[in-house]
Amino acid sequence: MQLIELKNVHKRYSNGVMALCDVSLGISKGEFVFVIGASGSGKSTLIKLLYRQEKPTKGDVYVGGVNVARLRNRKVYKLRRKLGIVFQDYKLLPKMNVYENVAFALDVYGLKSSEIRKRTLKAIEQVGLKDKLRSYPDQLSGGEQQRVSIARAIVNNPKVLICDEPTGNLDPDTSMEIMKVIESINEDMGTTVIMATHDKDIVNKLKKRVIVVDKGMIARDSMKGKYKNEGV
Amino acid sequence: MKAFRILGRNIKDSFKGVFRNFSLSIASISCITITLILVGFSIILSYNVNRFTADIEKDITIVVFLDNDVTNVEADMIGDQIGKLPNIESVNFKSKESVRQDWIKEDPTLEGVLSQYDASTNPLQDSYLVKVKDIEIIGDTADRISVIDGVYLAKYGEGTVEELVNIFDVVKKVMYIVVVALVLVTAFLISNTIKITIQSRKREIEIMRLVGASNMYIKLPFFFEGILLGFIGSVIPMATCFFGYDFLYEKLGGQLFTPIIKLVKPNEVIYITMLVLVAVGVVVGAFGSYRAVKKHLKI
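If you read the sequences in order, they're chains A and B.
Under my numbering, the first residue of the first sequence carries the number 2, and numbering increases by one thereafter.
Under my numbering, the first residue of the second sequence carries the number 2, and numbering increases by one thereafter.
Don't read these hints as lab results, they were simulated from the structure.
The reader is advised that the hints may include incorrect statements.
Stated by the list, open to error - If you want a taste of the chain A side facing chain B, the calculated C-beta under 8 Å gives, among others: (1) Arg75; (2) Tyr78; (3) Arg81; (4) Arg82; (5) Ile86; (6) Lys92; (7) Leu94; (8) Phe105; (9) Ala106; (10) Asp108; (11) Val109; (12) Gly111; (13) Arg153.
Where is the CB? At the ideal position from N, CA and C, for every residue including glycine.
Isolated chain A (complex conformation) (with noise of 0.2 Å):
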C-alpha cells in the first residue's frame, strides 16, 4: 500500500457545494508532490482531506495505513503526529518567540526538556532560523516566519508534510528560498512533501510530481509536470 491513498473520494459540503468528485490517486514514501488548480476547484479540499481537517463524504482516505474518513474527533491527534503541517497564514502563536512556537509541538508529546531542546534546536538550524531564536513572530519577516512554521511542522520527524500554500504571502525570491528548504527536507530526511500551490515559476522550476484539480476532478496527473495554462 501506498504512504498515501485516496479512493473514490466525494465531498460535498453542507451548503451543496460539491468539492471533490469520485477522486483516486496514491502518493508513495519520499515524493515531492504539486497539487495545483485554480480558486474553488477543490485543491483545498483535498488537501484538508489528508489531515482531517475535513471528512469525506464518500470514499476513504488512508494516511500512513489510518483511514483518516474513518477517524473519531478523540483520535484525530493520532493521525496529526504523523503529520507536518505549513499553513500560509503561518499560525505562529504571536506570544512565543521562535524557539517556543517549534518546542510547542514537541510539549505535547511528554518528552523530557533535553531531548525536546535537542530536536528544536535541529529544526531551527534545518530551515536556517539559528540566529533568531528568541526573536517573537511580529519581529520576523514573512519569510522567516514561514521558517518557523516549517521547523515546527518538521521537528517531529514527520512523514508526510502538507503544505497548504506556504508561499503564497511571499515575494518570488522569499518564495524560492522556502521551497530550497522544503525541498532540501524532501531530499536530506526522505520526507513526502504534498504542496498546493499557485505559483508557476516554483512548479515550472522543480519538476516534480504534478496534479491538477480541476471542478473536483483529478485533471492531469504527470511526473516532471509543468503548470501549464489548462484553465487554471
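With chain A fixed as given, assemble chain B onto it according to the hints.
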C-alpha cells in the same frame, strides 16, 4: 513518568494562562469574588435565621393542666402516657404547690391572694410541661394529649406559635433559594468569562490540535486554569467571611438589637462557610472552563 511530565506541563500552562490573559483573568476573578461574597453573606445569614428559629422553637412548651381530682398516682400515669406519645422531647411535672410558690415569689398581689390557701385547698392545677421534637406538628401532639383521661387542658399558645413557625419557614426557604440562585448565577458568570478567555485563545487551541495534541492535553490546562481562577476568586470572600463576621460579632456583642436574637458564634459558622465558598469557586470554575473548551475541539 510521561504522564507526570504532561501533567506538570499542563499545570504550568494553566498558571501561564492566568497571567497571559491577565485582564480577562481579573474579570473572572472579580466576578467570582463579588458573587461569592454574596453567597457567603447569605450562608451566614441563613445560619443565623436557622439558629434564631431553633432557639424560639426550643422555648415553645405545651402546658398540660390536669383535672383537679387527679391523684398523685394517676398524675404519674398520665405523665407516662404523654411520654409514650410520638414527637415528645421531654415531660416535666409541675405540681400545683410549686406553681403556687412560684407565683407567690413573683408577685406581691398574687401572694396576698394565694397565701389564703394552703397545700390542700390550693385552687391551682397540677401540670406537665411538655417539649416536642417537631414544632410543626405541635397542634396534633397537643390534641393527642388533651384526650388523655384526667387531662383538663393542653395549651401551647395556639395561633401565635403557628404564625411564628410559618414566618420562619418562609424566611428559611427564601434564604435557601437566594443561596442556590446566587451559586447558579456564579456558575453562569464564570462559565461565560472563561468562554471569553478561551475565545481569545482559539488560535492556540487550533494550533495545538494541528500539531497533534490530544483533546485531553488541550482541555487540562483550561481545567486547571478554571480551578485556579475559582480558588483565587474565593480568597477575598473567605477572608471577608473570616474577619468580617468575627468583627461584626464582637461589635454587636453576640446579639442583634435585643438579647433574644443571639448570633451564631463565629467559629461555628465561618469555617464551614469558607469551605463552601472555596468549593463553589473551584468546582464552578473547573466546570465552566471544561465546558467552554469542549466547543473548540472540532477543528
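These are the hints, each one checked on the structure:
The restraint placing arginine 75 (chain A) at the interface with chain B holds, with a minimum CB-CB distance near 6 Å, inside the 8 Å limit. Hint status for tyrosine 78 (chain A): holds, given a least beta-carbon distance of 5 Å to chain B, under 8 Å. About 4 Å separates the beta-carbon of arginine 81 (chain A) from the nearest beta-carbon of chain B, less than 8 Å, and the hint is met. Contact between arginine 82 (chain A) and chain B, as hinted, is supported at the beta carbon level, the nearest pair being about 4 Å apart and thus within 8 Å.
Given hint, isoleucine 86 (chain A) at the interface with chain B, holds; its Cβ is 6 Å from that chain's nearest Cβ, closer than 8 Å. The beta carbon of lysine 92 (chain A) comes within 6 Å of a beta carbon in chain B, closer than 8 Å, and the hint placing it at the interface holds. The closest approach between the C-beta of leucine 94 (chain A) and any C-beta of chain B is roughly 6 Å, which is under the 8 Å cut-off, so the hint is satisfied. For the restraint placing phenylalanine 105 (chain A) at the interface with chain B, the shortest Cβ-Cβ distance is roughly 7 Å, inside the 8 Å limit, so the hint holds.
The interface hint given for alanine 106 (chain A) is met, as the beta carbon of that residue sits about 4 Å from the closest beta carbon of chain B, less than 8 Å. Taking 8 Å as the C-beta contact cut-off toward chain B, the hint placing aspartate 108 (chain A) at the interface holds, the least distance being around 6 Å. Given the 8 Å rule on beta carbons, the hint for valine 109 (chain A) holds: about 4 Å separates it from the nearest Cβ of chain B. The closest approach between the C-beta of glycine 111 (chain A) and any C-beta of chain B is roughly 4 Å, which is under the 8 Å cut-off, so the hint is satisfied.
For arginine 153 (chain A), the shortest C-beta to C-beta distance to chain B is roughly 7 Å, which falls under 8 Å, so the interface hint holds.
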